[in-house]
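K.L.:
The primary structure of each chain is shown beneath.
6 protein chains.
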Amino acid sequence: MPLIQVRVIKDVFSKEQKRQIIGKLTDAMVSIEGESMRGVTWCVIEEVESGDWGIGGNALTAADAQALARGKAA
Amino acid sequence: MPLIQVRVIKDVFSKEQKRQIIGKLTDAMVSIEGESMRGVTWCVIEEVESGDWGIGGNALTAADAQALARGKAA
Amino acid sequence: MPLIQVRVIKDVFSKEQKRQIIGKLTDAMVSIEGESMRGVTWCVIEEVESGDWGIGGNALTAADAQALARGKAA
Amino acid sequence: MPLIQVRVIKDVFSKEQKRQIIGKLTDAMVSIEGESMRGVTWCVIEEVESGDWGIGGNALTAADAQALARGKAA
Amino acid sequence: MPLIQVRVIKDVFSKEQKRQIIGKLTDAMVSIEGESMRGVTWCVIEEVESGDWGIGGNALTAADAQALARGKAA
Amino acid sequence: MPLIQVRVIKDVFSKEQKRQIIGKLTDAMVSIEGESMRGVTWCVIEEVESGDWGIGGNALTAADAQALARGKAA
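Residue numbers (the numbering used here), protein chains in the order written: chain A, 1 to 74; chain B, 1 to 74; chain C, 1 to 74; chain D, 1 to 74; chain E, 1 to 74; chain F, 1 to 74.
For the record, the hints were derived by calculation from the structure and aren't laboratory data. It cannot be assumed that every hint is accurate.
[Claimed, not checked] Label-pair distances were calculated between CB atoms; the ranges are:
(1) D/27 - C/66: 29 to 39 Å
(2) F/34 - C/58: 15 to 25 Å
(3) A/10 - B/14: 15 to 25 Å
[As the list claims (entries may be wrong)] Distance condition first, Cα-Cα at most 20 Å in a straight line; then the derived SDA-like pairs of lysine to any residue:
(4) D/10 - A/49
(5) E/10 - E/27
(6) C/10 - E/16
(7) D/24 - C/10
(8) A/15 - F/30
(9) A/15 - B/51
(10) C/10 - F/46
(11) C/15 - C/31
(12) F/10 - F/36
(13) D/15 - D/50
(14) E/24 - E/49
(15) B/15 - D/24
(16) B/15 - B/31
(17) C/15 - F/5
Ideal Cβ positions, reconstructed from N, Cα and C, are used throughout, including at glycine.
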């Protein structure tokens with residue numbers, strides 16, 4: 001039953017990081033709900049275009065998000 | 001009022017199949033709610049990248065989904 | 001894989017009608033994707049409060065939606 | 001806290017119009033909730049492919065939506 | 001076509017404020033897309049339970065959100 | 001930026017388990033994206049009514065989900 005949807009800006013996470021997102025968030029969920037729920041635990045990543053994510057009205061690009069991830073203010 | 005959102009993996013369904021999804025799911029909904037609701041029944045298809053859909057923590061590709069559709073385990 | 005989400009206003013559809021929505025929309029989807037996908041076809045109904053659905057800026061209540069369903073303008 | 005998600009058909013709105021959507025919808029929300037909520041008001045635009053949006057069972061293309069925007073029936 | 005979904009914590013906004021959210025966000029959208037799109041501009045408010053919204057891993061209650069709205073840190 | 005949405009059936013998870021879902025899924029996400037993204041990592045839980053979640057066309061109740069969690073077939 002549980003459905004985990006993760007929305008991110010396109011080109012911020014690599015293929016490998018997205019695989020980790022699916023694996024680790026599912027494991028986190030299963031650690032709470034119990035292993036017998038694993039088969040019905042779905043995790044879907046949905047990407048939006050760079051610039052299509054606003055915080056406080058300011059559009060955030062993939063570059064902004066990556067700068068933020070490196071520890072700098074966007 | 002009713003809003004039907006259908007999430008699928010990109011490149012699993014053809015343009016023609018997606019047109020069928022919109023038509024048939026809307027018809028199914030209208031058969032329950034009544035024909036006068038048709039004009040306000042929306043059906044939106046949203047596609048996620050191949051590999052961005054996890055079941056039990058395992059990423060599913062478009063090829064996996066197509067194999068599953070042909071009746072083989074993913 | 002396919003995930004069908006149906007958003008409706010609360011108290012417009014009965015328990016029995018919601019069961020029909022799940023059954024008929026899943027059947028419609030399976031008729032396109034093939035029977036082997038049935039087990040991974042999910043259909044989730046999400047209800048919003050009466051008055052929390054706007055069309056053209058006008059809030060729609062459960063009573064408005066039911067009037068519409070009976071064939072009268074909202 | 002408030003999360004505003006705007007779903008549109010791809011290629012109907014320009015980069016500049018999408019920036020306006022983020023700015024103006026956030027401002028509208030902040031005018032109701034108060035300026036101190038601005039920093040936690042997010043607005044995300046999600047685009048679906050032309051043809052993947054059905055109204056009453058009929059698929060709407062980007063061209064249909066643009067014709068509608070110019071004041072002609074789709 | 002445009003679909004605006006607004007997610008908020010339950011009991012933070014009054015009935016009247018939610019009516020304003022629907023009216024003002026629709027008007028903001030129509031000011032960009034053109035008046036002829038008003039009839040197909042939907043705005044849906046979806047409420048989640050107090051405590052079911054996490055920022056940085058910390059659950060936010062309706063009381064926290066209201067304190068924030070009054071200009072105090074949550 | 002990242003937005004994690006978790007959909008579950010109402011009354012399957014306790015208040016305390018929902019707090020754990022927010023904490024653990026956020027931690028899992030932060031372990032991939034980096035600690036500097038924590039403040040803009042949101043996790044929202046959305047609950048649907050018992051019976052409003054269909055798998056393969058069969059409605060799942062809260063009791064079914066709890067039986068499944070205890071390791072019995074739904």
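K.L.:
Each hint needs a verdict: does it hold in this structure or not?
P.N.:
Checked hints:
1. D/27 - C/66: 29 to 39 Å: holds (35 Å)
2. F/34 - C/58: 15 to 25 Å: With a Cβ separation near 45 Å, residue 34 of chain F and residue 58 of chain C fall outside 15 to 25 Å, so the hint is violated.
3. A/10 - B/14: 15 to 25 Å: At 24 Å between Cβs, range holds.
4. D/10 - A/49: holds (11 Å)
5. E/10 - E/27: violated (24 Å)
6. C/10 - E/16: Since the Cα atoms of residue 10 of chain C and residue 16 of chain E sit roughly 19 Å apart, the hinted pair holds (cutoff 20 Å).
7. D/24 - C/10: violated (30 Å)
8. A/15 - F/30: holds (17 Å)
9. A/15 - B/51: With a Cα-Cα distance of about 8 Å, the restraint between residue 15 of chain A and residue 51 of chain B holds, given a limit of 20 Å.
10. C/10 - F/46: Between residue 10 of chain C and residue 46 of chain F the Cα gap is close to 15 Å, so the pair holds against 20 Å.
11. C/15 - C/31: With Cα atoms ~24 Å apart, residue 15 of chain C and residue 31 of chain C exceed 20 Å; violated.
12. F/10 - F/36: Answer violated: residue 10 of chain F to residue 36 of chain F is near 33 Å, above 20 Å.
13. D/15 - D/50: Roughly 17 Å between the alpha carbons, so the hint for residue 15 of chain D and residue 50 of chain D holds.
14. E/24 - E/49: violated (24 Å)
15. B/15 - D/24: It is violated: about 34 Å lies between the C-alpha atoms, which goes past 20 Å.
16. B/15 - B/31: violated (24 Å)
17. C/15 - F/5: Violated, at roughly 26 Å.
Checked against the numbered hints given earlier, this structure breaks hints 2, 5, 7, 11, 12, 14, 15, 16, 17; the rest are met.
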